Amino acid sequence: MTSAMPMIAFVGNPNSGKSSLFNALTGARQKIGNYPGVTVERKSGRAVLSDGRPLEMVDLPGSYSLTPSSPDEEVTRAVVTGHQQGERRLDAMVIVVDASNLEQHLPFALELIEVGTPVVVALNMIDMATRDGLTLDAAQLSAELGVPVVPTVAVRGRGIIELIAAIETLFDGSPHPIVEPAEHGPDVDRQLRSRAQRIARATTIGEPPERRWTQRLDAVLLHPVLGFAILLAILFVMFQAVFAWSATPADAIDVGLGNLGAYLGDAMPDNWLRSMVVDGIIAGVGAVVVFLPQILVLFLFILVLEATGYLTRAAFLMDGIMAKVGLSGRGFIPLLSSFACAIPGIMATRAIADPKDRLTTILIAPLMTCSARLPVYAIIIAAFIPARSVGPGIGLQGLVLFTLYLSGIVGALVVAFVLRHTVTKGASAGLIMEMPRYQWPRLADVALGLWQRAWIFLKRAGTIIFFSTMILWALLSFPKPPAGSDVSPVRYSLAGRIADNLVAPVVEPIGFNKDIALALIPAMAAREVAVSALGTVYAIEAGDDDEEAARALGPKLAADWSLATALAFLAWFVFAPQCISTIAVTRRETNSWRWPALMVAYLFALAYLFTGVTYWAATALGLG
Amino acid sequence: MYSVLANLKPGERGHVAAVDWDRISVPEGRRLRELGLVEGANIELLHRGSLFLKDPLAVRVGRTTIVIRLAHAAAISIAEGSAA
Ligand SMILES: Nc1nc2c(ncn2[C@@H]2O[C@H](COP(=O)(O)OP(=O)(O)OP(=O)(O)O)[C@@H](O)[C@H]2O)c(=O)[nH]1
Ligand SMILES: [Mg+2]
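Line by line, the protein sequences are chains A and B. Using this note's numbering, the first residue of the first sequence is number 1, and each one after it goes up by one. Using this note's numbering, the first residue of the second sequence is number 1, and each one after it goes up by one.
Honestly, I wouldn't trust all of these hints.
Mimicking DSBU-like on lysine-lysine, the simulated pairs with C-alpha atoms at most 30 Å apart in a straight line are [unchecked claim]:
| hint | chain 1 | residue 1 | chain 2 | residue 2 |
| --- | --- | --- | --- | --- |
| 1 | B | K54 | A | K425 |
| 2 | A | K324 | A | K480 |
| 3 | A | K324 | B | K54 |
| 4 | A | K43 | A | K31 |
| 5 | A | K356 | B | K54 |
| 6 | A | K356 | A | K324 |
| 7 | B | K9 | B | K54 |
| 8 | B | K9 | A | K324 |
| 9 | A | K459 | A | K31 |
| 10 | A | K514 | A | K480 |
| 11 | A | K31 | A | K356 |
| 12 | A | K43 | A | K356 |
These aren't lab readings, by the way, just hints derived from the structure by calculation. The structure displayed is predicted, hence computed values, not measured ones.
Please put together the full structure from these sequences, using the hints given.
If you want it as structure tokens, here you go:
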């Protein structure tokens, strides 16, 4: 007997509810979603047994067998067979199966039982089975498999206590040799499946026509024309809503920050500290925080789509188009999560089996418009695009935003096509994917997801954006121009001189002014910093001119920039890889510097090209 | 009557009579089997592609719905009626 904490893992088919059970037992907040491949890394947490002993639990990526087909499944195999680097062997496993789809989930369960580690089977989603009209005999299943079986409903916490009790009985202290699983040929697969089929039939009473609701919905949502139109409509409504639903709270935050700045401006003595607080923190960081409501509206849509099971349908509808550029529809899910942020998107590519398909998807993920671009887009759109209606329920601002997202998507498809014919050339990847049933999104999950996103956003504002803005503020404030000089303090400062002499000559041909040149450097850390940097630049420039300083950033931009410059600025952010973390995660996931270097190079080249084209075209049209 | 999965129309049912595994790569063949697409499985073609593209297919296999591309579906022969 070792004194170390016992360790158990949750294993099973994708989408069987492993993470939901893990969360219920450990109080963790692993991401849950109704599509296969949500969890792509191992994640551990703690639970306590009834006698108070602690227990380490590990949530694993879903897998269909112990022969891995994709990088996330390799993790599962390594942990199950005890080959995971720097990790103890498992003392027991909880095999999670979907009660309403036993025939599909039992083959992997049978394979896992043969490994020899003690197991308990969680017969999860009993509620769904009941809804479908199935009755299951857990005792019979336990007898057939020769291991304990506990019925559970992970999302309602049903069966959790019984599951803990069953886990406790597994630690008998004797060592368990691991039987190394062999790779399966068609014959072994067939045998496992027919055994699974026999057991499923023996333990299931009543087999009604399957999934009536899901099939009825799919008749509409997967309709070749109507379904595609609905997909576009959902995306369109999402971008309209980003502006329409967030206007009131965003205005309230804006007014609140404006008042706070004015109050502190009056209350504090006129020194560098006041400038740092008012021009740096409030004008800079505040300029980004204003966009919290917009980010939340965007996430509301993404979370609901993830929870309902619609994502795999979207992947189905998009696959035909994606196949034309050499990608698989499986790449659609990581790309869609890149609308939130490219980092989880790039990590989600671990569920893509084909290495070249995966690499291509990683390289184009930064072209999906992540939520960090939203503040940049939103401030420019609000300042330059009139809030006019261009049709029933269609606002011009939302339309422009939709166009920007679309530009990113079209750009990504073109780039994928080029990559698949050059650096990631290879046979076109297939698409083999399971489509889950539809589920109602659970309010608690969506609320929790929103809260987590709000927290991440505010934490970014308080750390990376705050620090970049502070450093920029310092570089912008010193050295001060000599008294009586009519050079603006910004142009005289260190940052101003660097930007004017090094960056401006490069970006002026594509329509950028010196202030943009200045904002682009700190925005390498994160895109939102472009907005906070502009806020700080203009606040410092306004100096003591109170009337000028009191104006929000948007109206200032509208007064200072031409429309051509504003459009050029938008075009730049469709492509420019201004995010250190994305570059770092690409390096980690591709295990080389070659791919992130290629990614940064091609994105900057495209950004420069398209910004220039936008600017020249707009100027030619008389918008300069 | 035999046909291949790739030629079925939405709503048509049958069972897998034979699969030409040699036309499918080893990992993809394994994945198909893991999802239940094996000889003898009862299937129904549910949906075909979107817009003007007829690829991929959504196929019901037992109680699961899976998505596969035409290239794979062309290697799967289907016989009418359900398997014994
Ligand atoms: N009705 C019902 N839904 C459940 C139950 N357990 C999980 N779900 C839902 O099933 C879906 C998948 O749950 P997850 O916990 O993400 O599944 P997972 O096994 O971790 O999936 P992967 O990480 O993709 O392998 C989610 O939509 C859950 O809300 C259950 O007992 N009943
Ligand atoms: Mg999971």
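Hint check:
{"no.": "1", "hint": "B/K54 to A/K425", "verdict": "holds (24 Å)"}
{"no.": "2", "hint": "A/K324 to A/K480", "verdict": "violated (57 Å)"}
{"no.": "3", "hint": "A/K324 to B/K54", "verdict": "holds (12 Å)"}
{"no.": "4", "hint": "A/K43 to A/K31", "verdict": "holds (11 Å)"}
{"no.": "5", "hint": "A/K356 to B/K54", "verdict": "holds (24 Å)"}
{"no.": "6", "hint": "A/K356 to A/K324", "verdict": "holds (15 Å)"}
{"no.": "7", "hint": "B/K9 to B/K54", "verdict": "holds (11 Å)"}
{"no.": "8", "hint": "B/K9 to A/K324", "verdict": "holds (23 Å)"}
{"no.": "9", "hint": "A/K459 to A/K31", "verdict": "holds (19 Å)"}
{"no.": "10", "hint": "A/K514 to A/K480", "verdict": "holds (18 Å)"}
{"no.": "11", "hint": "A/K31 to A/K356", "verdict": "holds (27 Å)"}
{"no.": "12", "hint": "A/K43 to A/K356", "verdict": "holds (27 Å)"}
In summary, the one numbered hint that this structure violates is 2.
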